[in-house]
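Trainee: Build out the structure end to end from the sequences listed, making use of the hints.
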Amino acid sequence: MTTFVDRVELHAAAGNGGHGCASVHREKFKPLGGPDGGNGGRGGDVILVVEQSVTTLLDYHHSPHRKATNGQPGAGDNRSGKDGQDLVLPVPDGTVVLDKAGNVLADLVGQGTTFVAGQGGRGGLGNAALASARRKAPGFALLGEPGESRDIVLELKTVADVALVGYPSAGKSSLISVLSAAKPKIADYPFTTLVPNLGVVTAGSTVYTIADVPGLIPGASQGKGLGLEFLRHVERCSVLVHVLDTATLESDRDPVSDLDMIEEELRLYGGLENRPRIVALNKVDIPDGQDLADMIRPDLEARGYRVFEVSAIAHKGLNELSYALAGIIAEARAAKPKEEATRIVIRPKAVDDTGFTVTAEDQDLYRVRGEKPERWVRQTDFNNDEAVGYLADRLNRLGVEEALMKAGARAGDGVAIGPEENAVVFDWEPTVMAGAEMLGRRGEDHRLEAPRPAAQRRRDREAERDDAQKEYDEFDPF
Numbered sequence: 001m002t003t004f005v006d007r008v009e010l011h012a013a014a015g016n017g018g019h020g021c022a023s024v025h026r027e028k029f030k031p032l033g034g035p036d037g038g039n040g041g042r043g044g045d046v047i048l049v050v051e052q053s054v055t056t057l058l059d060y061h062h063s064p065h066r067k068a069t070n071g072q073p074g075a076g077d078n079r080s081g082k083d084g085q086d087l088v089l090p091v092p093d094g095t096v097v098l099d100k101a102g103n104v105l106a107d108l109v110g111q112g113t114t115f116v117a118g119q120g121g122r123g124g125l126g127n128a129a130l131a132s133a134r135r136k137a138p139g140f141a142l143l144g145e146p147g148e149s150r151d152i153v154l155e156l157k158t159v160a161d162v163a164l165v166g167y168p169s170a171g172k173s174s175l176i177s178v179l180s181a182a183k184p185k186i187a188d189y190p191f192t193t194l195v196p197n198l199g200v201v202t203a204g205s206t207v208y209t210i211a212d213v214p215g216l217i218p219g220a221s222q223g224k225g226l227g228l229e230f231l232r233h234v235e236r237c238s239v240l241v242h243v244l245d246t247a248t249l250e251s252d253r254d255p256v257s258d259l260d261m262i263e264e265e266l267r268l269y270g271g272l273e274n275r276p277r278i279v280a281l282n283k284v285d286i287p288d289g290q291d292l293a294d295m296i297r298p299d300l301e302a303r304g305y306r307v308f309e310v311s312a313i314a315h316k317g318l319n320e321l322s323y324a325l326a327g328i329i330a331e332a333r334a335a336k337p338k339e340e341a342t343r344i345v346i347r348p349k350a351v352d353d354t355g356f357t358v359t360a361e362d363q364d365l366y367r368v369r370g371e372k373p374e375r376w377v378r379q380t381d382f383n384n385d386e387a388v389g390y391l392a393d394r395l396n397r398l399g400v401e402e403a404l405m406k407a408g409a410r411a412g413d414g415v416a417i418g419p420e421e422n423a424v425v426f427d428w429e430p431t432v433m434a435g436a437e438m439l440g441r442r443g444e445d446h447r448l449e450a451p452r453p454a455a456q457r458r459r460d461r462e463a464e465r466d467d468a469q470k471e472y473d474e475f476d477p478f
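Using UniProt numbering, read the sequence shown as starting at 1 and increasing by one per residue.
The hints are simulated quantities; they were obtained by calculation from the structure and are not laboratory data. Values in this document were obtained by computation on a predicted structure and should not be read as measured data. Some hints could be false.
Using C-beta positions, here's what the derived DEER-type ranges look like [said to hold, decoys possible]:
(1) 361 <-> 53: 50 to 58 Å
(2) 264 <-> 361: 48 to 56 Å
(3) 58 <-> 85: 44 to 52 Å
(4) 320 <-> 264: 48 to 56 Å
Virtual Cβ for every residue (Gly too), placed ideally from N, Cα, C.
Mentor: As structure tokens, this is what we get:
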């Protein structure tokens with residue numbers, strides 16, 4: 001069973017915002033006490049957060065669809081709906097977030113680093129919040145916005161200071177097992193290591209992590225073997241250690257050709273040219289291995305490599321290698337710029353920025369794009385004429401109608417608001433500024449103008465009593 005996964009596709013869906021409520025306050029002796037509909041709750045976000053205890057993306061491999069909870073709708077008596085609960089997804093340190101096109105959205109390094117993968121939808125306003133001096137009793141409320149939903153790719157790039165690279169069965173797993181407390185699988189056949197292994201090494205006052213990367217073969221940068229899957233795990237390392245097998249039993253291989261092959265694959269992969277290199281000639285406890293190490297060491301040193309003769313079995317040369325790595329890592333850490341607190345950058349919008357654009361797509365269709373118009377359309381209940389009139393008022397105040405006139409739009413032309421795949425299309429009528437005027441006077445709700453039979457009957461009885469009393473007062477038998 002797969003226990004290590006370092007690349008998954010995640011389908012993240014944030015929660016939808018709750019709808020606002022359209023309600024009128026009623027109580028004894030006060031049947032029409034004004035609007036009291038509450039606002040809808042905000043939808044929950046989908047948040048990725050780095051957690052040091054998480055080392056694999058296995059959970060998201062088995063359950064790639066994740067959704068936050070929706071906000072609750074508002075209710076009467078000015079009761080707002082409950083906000084949806086954020087969905088927090090722990091990911092390993094070193095996780096890179098990409099979109100489907102391969103563009104990097106976030107590089108999550110460091111405990112507690114977060115990224116909002118899906119933004120929850122806003123809750124709709126209730127009619128109490130929509131009331132104004134001109135619209136005293138709105139008979140509608142705004143709908144909640146749908147939550148953001150998108151597909152992202154998570155890639156894990158191991159956060160380690162040292163990467164052991166080399167041909168399969170070169171002894172990388174044996175070396176990391178004696179340098180640290182890691183216990184990787186060790187066997188005498190190729191590709192024993194199927195996942196990167198991490199170990200912690202202490203050398204004097206320096207503590208660093210070391211990664212054992214699965215063996216590379218020719219063509220690894222193009223996908224042969226396991227190289228392409230795990231070469232990304234060496235990208236964050238400060239130093240690369242070439243582990244060369246000086247006791248290989250394959251007649252067509254030797255340590256120098258292995259080194260040249262690995263360097264070629266690293267070059268083709270790219271981005272690792274400036275990393276320091278160290279060569280570890282492994283298995284020198286074997287007589288033939290020591291003889292070969294003595295033969296090739298001058299050639300490797302002439303190329304500029306620092307060479308160490310080591311043996312994981314005999315524990316030979318391990319301290320020298322460990323302290324040499326510690327020195328390089330200490331220098332790399334000292335050379336890194338100090339982390340500064342995140343600066344808050346305020347970018348005010350230009351004064352003449354209308355917040356929307358109007359483009360003519362053909363002779364009788366115009367498209368309006370902008371954050372506000374598109375959000376207002378999503379929040380409108382098109383089954384309610386007063387809500388449609390309110391939308392028309394908002395678009396007019398924003399300047400959409402004026403922009404359409406300047407763009408050459410004529411009565412009857414189509415106006416699409418939103419992206420092409422999910423737009424709302426209207427037949428534009430410039431003489432009708434808002435649909436609410438067609439219903440009655442601004443700010444009035446026709447439900448409140450409905451006849452009241454009981455009140456009318458009471459007024460009729462009072463009028464009859466007044467007439468009877470008047471006739472009695474006027475009648476005088478004497």
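Trainee: Does each hint fit the structure? Answer for all of them.
Mentor: Right, here's what the structure says about each hint:
{"no.": "1", "hint": "361 <-> 53: 50 to 58 Å", "in the structure": "holds (53 Å)"}
{"no.": "2", "hint": "264 <-> 361: 48 to 56 Å", "in the structure": "holds (52 Å)"}
{"no.": "3", "hint": "58 <-> 85: 44 to 52 Å", "in the structure": "violated (24 Å)"}
{"no.": "4", "hint": "320 <-> 264: 48 to 56 Å", "in the structure": "violated (28 Å)"}
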